[in-house]
Every structure is written in C-alpha cells, then in structure tokens.
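Enquirer: Given only the sequences and the hints, what does the whole structure look like? Please build it.
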Amino acid sequence: MENRLATPRHLTLEDRLLYKLPFAARIDRLDQRVTAWMARYGLTMMRVALGIVFFWFGALKLVPGLSPAEDLVRNTIFFIDPNLFQPILALWEMAIGLGLITGLFMRVTLLLLFLQMPGTALPIFITPDAVFTVFPFGLTIEGQYIVKNLALITAAIVLGSTVRGGRIVTQP
550 MENRLATPRH LTLEDRLLYK LPFAARIDRL DQRVTAWMAR YGLTMMRVAL GIVFFWFGAL
610 KLVPGLSPAE DLVRNTIFFI DPNLFQPILA LWEMAIGLGL ITGLFMRVTL LLLFLQMPGT
670 ALPIFITPDA VFTVFPFGLT IEGQYIVKNL ALITAAIVLG STVRGGRIVT QP
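Heads up: the sequence shown runs through residues 550 to 721, numbered per the numbering used here.
No wet-lab data here; the hints were simulated from the structure.
A portion of the hints provided could be inaccurate.
Label pairs and their calculated CB-CB ranges [stated by the list, open to error]: (1) Leu633 x Leu562: 55 to 65 Å; (2) Thr584 x Arg623: 43 to 53 Å; (3) Arg582 x Arg623: 25 to 35 Å; (4) Leu562 x Pro667: 18 to 28 Å.
Even for Gly, the Cβ is constructed at its ideal location relative to N, Cα and C.
Expert: Okay, structure coming up:
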C-alpha cells in the first residue's frame, strides 16, 4: 500500500491519516471508483442540470405572473417595453437551456449565456432596494437569486473549458 507513491511526503494530510486505518485499501479503491465515476459523468450532469435551470426559468417568463423574477426584470429594464422584452428574454434563456441540455452548439450557447449574465447583475445597481435588506450582506430573495448566478457563471466557465476537448482527469 505504501509503495503506491514514491514517498509519504507526497501524500496529503488526509491521505496520511487514511493510510493509517486498517481498512485503508478498501476506502482507497472505493474512492478511486467514485472519483472516476464523477470525472466521467460530472460534466454532462452539470451541463444538463444547468440547461434545465435556464430552460425552466425561461419558460416561467413566458407566462405572466409565474416567474418570481418578473417584477425584478420589469423594474430593472424599465426603458424597454416589458411586453416586448419579457418574451425575448424568456426565449433567450430557453435557447440557452436547450443548447446545454442537448450539448449542441455549445460555443453559441455559452456565448448567449455570457451575454445574458451581465444583465442579471443590473438590479444591484439600478434597484438596490430590491436586492439588499442591509447593504452589502443582507440579501432579499431577489438578491439571493442574483448571487446564485455566480454558481451558474462558474459552471459555464467549467463547461467552456471543454469545447476544445478539455476534460476532467482523476490522476494528476
């Protein structure tokens, strides 16, 4: 077991503690299988899950009164007729969702996503009362909705790293 790596110095503290356990070999094999499974399926699962979020949120915007972000969008993009902008935004988000779910046209899909994301931050500057209960840490539900976009952007960046064949590997 200790021959796996050149020297114990190369082990993380977590691995050093793990290797002292009598059943360390079993845990290590299980860990290898689980991480290999995550490396194999994780990106696809993330892409599809992100696609579902975008498609769902977009579809909600097509039905007046159904989207929790409807008032936020209307009050933020007040300079465009909401009867025109809301359906365009809905279809835009649904197109992003379909692209992510299917995995087709990923460059275009991610471009649409990155063009849309700055608009989601506009309420912070245009309607801060709708975003913060106490600036800068107390967030309203709408503010939490906006901050959640950091996770969406990060997931999109990870997916973007794969459009030229990048992948997750389990061994360094």
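Enquirer: Hint by hint, note whether the structure agrees.
Expert: Do the hints match the structure? See the list:
One distance hint, 55 to 65 Å for the beta-carbon pair Leu633 and Leu562, holds here, with the actual separation near 58 Å. At about 45 Å, the beta-carbon gap between Thr584 and Arg623 stays in the expected band of 43 to 53 Å. For the hinted restraint 25 to 35 Å between Arg582 and Arg623, the CB-CB distance of approximately 50 Å leaves it violated. Separation of Leu562 from Pro667 is about 41 Å and departs from the stated range, judged on CB atoms against 18 to 28 Å.
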